[in-house]
Amino acid sequence: MEVTIENFDQIMEEIQEIFKTKQFCRYSKYNISTIAISLLEETNENQIKLNSYLFYTFPSDETAKISINSVVYETDIDWNKWFCKGINYKNEDQLQKFRQKLFEEYDLNEQQQYQVLLNSCNNETNLKMQF
1 MEVTIENFDQ
11 IMEEIQEIFK
21 TKQFCRYSKY
31 NISTIAISLL
41 EETNENQIKL
51 NSYLFYTFPS
61 DETAKISINS
71 VVYETDIDWN
81 KWFCKGINYK
91 NEDQLQKFRQ
101 KLFEEYDLNE
111 QQQYQVLLNS
121 CNNETNLKMQ
131 F
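Reading the sequence shown from the start, the letters are residues 1 to 131 in our numbering.
Since the hints were made in silico from the structure, they are not lab data. Please read all numbers here as calculations on a predicted model, not as lab measurements. One thing to keep in mind: the hints can contain errors.
Once the Cα atoms are required to be at most 20 Å apart in a straight line, the calculated DMTMM-like pairs of lysine to aspartate or glutamate come out as [as the list claims (entries may be wrong)]:
| hint | residue 1 | residue 2 |
| --- | --- | --- |
| 1 | 85 | 6 |
| 2 | 81 | 17 |
| 3 | 90 | 9 |
| 4 | 49 | 14 |
| 5 | 20 | 6 |
| 6 | 49 | 2 |
| 7 | 20 | 9 |
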């Protein structure tokens, strides 16, 4: 199953449910743009169900750099899906800087900062601010 920003929340709920009873989990990072996860779950004594997910990931830093080598080797990628529907991510350092900038820009008090952090999905596009 392909996972984009459009169905990310729904799929993550499904994956979390499967993880509770997982028998085996394996992941692979194919390239800069995709991550795959496969979960095996035992449905009964004689059957195992395979759940596979392909995540289109897109770096959410200010300047996403793509080398010419990536373009040459990844000819089968759906570039439109990656650019338009990719799941944005930040590393811990980028996330901390983003939050600090957000708090300073909106002059949030401590309680408001806490609320923003609670509602944040660690993703700039999914940040929900409630005041």
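Going through the hints against the structure:
1. 85 <-> 6: Since the Cα atoms of residue 85 and residue 6 sit roughly 7 Å apart, the hinted pair holds (cutoff 20 Å).
2. 81 <-> 17: Violated. Residue 81 to residue 17 sits at ~27 Å, over the 20 Å cutoff.
3. 90 <-> 9: Holds - the C-alpha atoms of residue 9 and residue 90 are around 17 Å apart, at most 20 Å.
4. 49 <-> 14: 14 Å, holds
5. 20 <-> 6: 24 Å, violated
6. 49 <-> 2: 17 Å, holds
7. 20 <-> 9: Since the Cα atoms of residue 20 and residue 9 sit roughly 17 Å apart, the hinted pair holds (cutoff 20 Å).
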